[in-house]
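*Asks:* Next come the chains, spelled out residue by residue.
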Amino acid sequence: MKGQTRPPVTQETLLTKVAFNVNGKGQELQLDPRTTLLDALREHLHLTGSKKGCDHGQCGACTVIVEGRRINSCLTLAVMQQGARITTIEGLGTPDKLHAMQAAFVKCDGYQCGYCTPGQICSAVAMLDEIKAGVPSHVTADLRAQPQLTAAELRERMSGNLCRCGAYSNMAEAITEVGRTA
Amino acid sequence: MKFDTPATTNPIDQLKVVGQPVDRIEGPLKTTGTARYAYERHDVAPNAAYGCVVGSAIAKGRIVAISLDAAKAARGVLAIVTAENAGKLGKGDLNTAKLLGGPEIQHYHQAIALVVAETFEQARAAAQLVQVKYERSAGAFDLAAVKDTGTKPKPGFGGPPDTAVGDFAGAFASAAVQFDATYTTPDQSHAMMEPHASTAKWDGDKLTVWTSNQMIAWSVGDMAKTLGIPKENVRLVSPYIGGGFGGKLFVRADVVLAALGARAAKRPVKVALQRPLIINNTTHRPATIQRIRLGAAKDGKISAIAHESWSGDLPEGSPETAVSQTRALYAGDHRMTAMRLVVLDLPEGNAMRAPGEASGMMALEIAMDEMAEKLGLDPIEFRIRNDTQVVPDNPAPPPGGSDPESKAKDEKAEKHNPHPPFSQRRLTECFRTGAERFGWSQRNAAPGKTRDGKWLVGTGVAAAFRNNLVMKSGARVRLDKHGTVTVETDMTDIGTGSYTIIAQTAAEMMGVPLNKVVVRLGDSNFPVSAGSGGQWGGNSSASGVYAACVKLREAVTQKLGFNAADVQFADGQVKSGGRTAPLAQAAGEGGLAAEDTIEFEGLDKKYQQSTFGAHFVEVGVHALTGEVRVRRMLAVCAAGRILNPKTARSQVIGAMTMGVGAALMEELAVDKRHGFFVNHDLAGYEVPVHADIPHQDVVFLDETDPISSPLKAKGVGELGICGIAAAVANAIYHATGVRVRDYPVTLDKLLDGLPSAG
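Protein chains in written order, with the working numbering: chain S, 1 to 182; chain H, 1 to 758.
Simulated from the structure, these hints should not be mistaken for lab results. Glycine residues also receive a C-beta, built at the ideal position from the N, C-alpha and C atoms. A couple of the hints might just be wrong.
According to the in silico footprint, chain S covers these stretches of chain H (three or more CB under 8 Å from chain S) [to be verified]:
(1) 26-35
(2) 234-243
(3) 501-511
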């Protein structure tokens with residue numbers, strides 16, 4: 001680089017373009033490349049249903065579903081999701097038309113303060129699909145057999161989503177109810 | 001409305017809506033991510049800039065120099081707030097340490113600067129560029145090492161520091177069976193899921209903050225005091241709170257710095273405390289050392305009981321009042337309690353869910369288990385033999401000041417009763433009901449004798465006990481021409497179910513279905529309520545709504561010209577004599593409104609109001625590794641009328657879950673050289689996860705307590721955490737024969753004592 005003149009850094013040159021699909025709608029954003037997917041959703045698209053509990057992948061409150069798999073959206077940069085299909089809590093249901101998992105959480109009181117709830121629900125929806133797809137977990141005894149939605153499997157697979165209010169017992173009932181009827 | 005005589009029959013007793021397990025009315029918002037929390041107010045502050053907090057890198061000392069040049073030059077930076085440029089700041093009445101430190105530093109991660117920038121990424125990057133030179137001074141960080149420097153704290157929420165009844169020393173010395181042990185509980189963190197967060201906006205000299213706070217009126221006062229502005233100029237809005245557990249009782253650095261940042265940047269600013277900062281920047285439940293002595297006759301009757309507790313806090317701080325329950329829970333003619341407070345330079349200790357009892361019961365209820373074993377008694381039977389229907393040790397409140405007003409008040413006060421009766425006390429029934437449901441009679445009392453494959457299986461019990469506090473609480477109720485009832489109060493819902501029980505109360509009182517009630521909470525423009533803390537919120541705030549509804553019913557009755565004596569409100573209609581009118585008709589075009597405040601007088605002094613329960617736990621302890629798994633949990637609670645069995649049950653299971661954390665994993669590790677909590681995030685500070693918690697059973701005894709409030713209800717939000725950790729520890733002892741008196745009960749403390757694997 002010695003002797004060369006660097007091009008001037010402007011606000012625009014610092015931004016990176018990214019396009020992805022959120023809840024069925026195409027989105028194109030100009031973002032600071034340091035922006036996490038979580039902050040792109042919350043601060044740029046104003047989809048504040050995905051929560052920031054820790055910003056370090058420790059709590060699961062930011063869980064969204066990307067290409068059918070649940071991820072911590074605070075642990076991925078938005079620019080890494082070019083072209084991705086993303087589902088957030090807002091894409092699952094609305095207050096007037098709840099997704100089955102949302103309705104079951106309401107019915108079983110699977111939440112209290114509500115802050116971990118969107119992450120729990122996104123996680124639960126994707127987790128049921130993982131079991132269906134035969135993805136094993138730490139507590140799956142037989143890796144060749146189709147995993148079942150047992151209490152142990154459910155609790156193990158949901159353990160990346162913290163709930164400090166302690167609604168776990170009720171969430172387990174809600175998720176089991178949806179899993180059995182799905 | 002004054003509440004000074006026991007409640008008689010009132011419209012709540014219909015129980016058409018109150019007492020029903022209805023779903024939370026805000027459930028569809030919370031489950032769809034459309035409930036807006038403090039950092040999510042794009043609707044009211046669309047152009048908010050972002051603040052990032054810089055925390056002190058030392059625990060005690062001074063800032064010698066702070067250089068902001070690099071940070072100021074960073075892209076996007078709009079303003080930097082420090083103690084140097086913030087102007088004169090006061091300190092809130094409820095804060096111990098300053099919320100913006102410098103040059104003096106009082107604790108690690110005390111906020112020392114706020115960097116405000118256009119974007120979050122810019123603020124975060126620029127905050128790294130603030131350069132600080134510190135001068136460290138020596139501090140005290142090790143409770144055990146400085147325990148003997150403890151002094152008597154000022155009487156506060158937990159009563160006087162010392163109490164004594166009879167002759168403890170003599171009775172203990174002559175008791176047939178004696179027990180003396182010391183227990184420790186570690187520092188714990190609230191670790192609520194939503195970080196402390198605020199959005200602040202100035203309009204001239206008027207400030208609005210959208211924040212996450214349990215106590216609106218307290219915090220308006222402390223914001224005004226901190227900023228040196230009139231209270232009238234502060235509006236605080238907190239409709240949704242992502243968990244608090246006592247950590248959001250007070251104004252914290254986020255809201256003060258958001259306000260200062262917004263003033264400096266001349267636009268709205270939002271601040272969420274970064275997760276790794278929260279544990280050392282905010283408050284925590286202080287560690288305790290507790291000594292318990294019990295003396296009893298051979299038949300198990302306690303003659304002597306003593307509970308002493310040591311805890312630490314910053315200068316001017318307060319103690320963990322871990323001895324409180326021991327003054328009221330078990331009989332015994334000779335007794336003493338004592339609390340001592342040492343100065344520690346760790347972050348501020350303060351209330352966390354059931355302050356006092358949660359820690360105190362962790363020790364007392366292991367001691368009761370140990371003593372039962374020593375006496376050769378079943379632990380339930382031992383507790384039942386020492387039941388009491390009056391408070392054994394009720395210290396007199398400290399006299400007021402020497403000014404004429406306090407003197408007159410002291411003279412007017414009823415004669416102090418050293419042994420007031422409990423308004424209700426069904427502890428024995430809780431134990432008996434629980435024993436039956438849990439299958440307690442099947443238990444082999446000998447520890448370490450029950451196996452299930454690789455697992456040593458044990459069961460444990462503990463009492464649950466938490467006082468029922470009542471607090472003045474106001475509400476406004478409006479009726480519109482569509483027959484919709486709108487309740488407004490500055491009460492908060494921190495996950496407790498306030499929205500729902502308030503709606504149920506208004507629906508019952510006004511004779512309308514739940515969907516005709518709108519509840520608006522957490523705004524300082526609304527009447528001042530009890531707020532959320534100390535499990536006083538539900539009962540007190542719903543009683544405030546009851547009072548306002550009584551007034552609204554009067555206004556409706558009058559407007560319709562009906563007879564007040566026989567008026568009935570049901571199914572959206574008002575009936576009296578042979579006449580019926582739709583409720584909406586009374587509202588007319590302009591609507592009707594009523595406001596009132598419930599004030600509790602006398603009954604809370606005349607009677608001891610407490611809530612009771614019995615915890616039953618089964619654990620498996622891995623015979624080779626010492627890993628503990630909780631297998632079954634049951635709580636039987638007696639807590640007055642249960643306003644909503646669904647949300648009340650959730651309060652109890654949530655508290656039981658936090659208690660499992662206290663028993664098995666929660667511990668802030670203290671760096672005793674540098675004075676901070678090492679595991680200061682959600683990875684290092686472990687809390688229970690799904691896999692740690694089995695199905696939980698809760699039973700509420702059918703109870704009403706007319707002494708407590710017009711609703712005949714009591715608090716239930718904290719009862720569940722009191723005693724549960726000891727029940728887990730007792731179950732581990734029963735499984736393994738290893739007694740651990742040093743929480744949390746981690747496997748390293750069990751390994752050496754496990755029965756031989758062969």
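*Asks:* With a cut-off of 8 Å between beta carbons, are at least three residues of the region 234-243 of chain H near chain S?
*Replies:* That given contact holds, which follows from 4 residues of the region 234-243 of chain H lying within Cβ reach (below 8 Å) of chain S.
*Asks:* Count residues of the region 501-511 of chain H with a Cβ under 8 Å from any Cβ of chain S, then say if the count reaches three.
*Replies:* n = 0 at 8 Å, threshold three: violated.
*Asks:* For the region 26-35 of chain H, does the count of residues with a C-beta closer than 8 Å to a C-beta of chain S reach 3?
*Replies:* holds (count 10)
Hint check: a violation occurs at hint 3 only; the rest are consistent with the structure.
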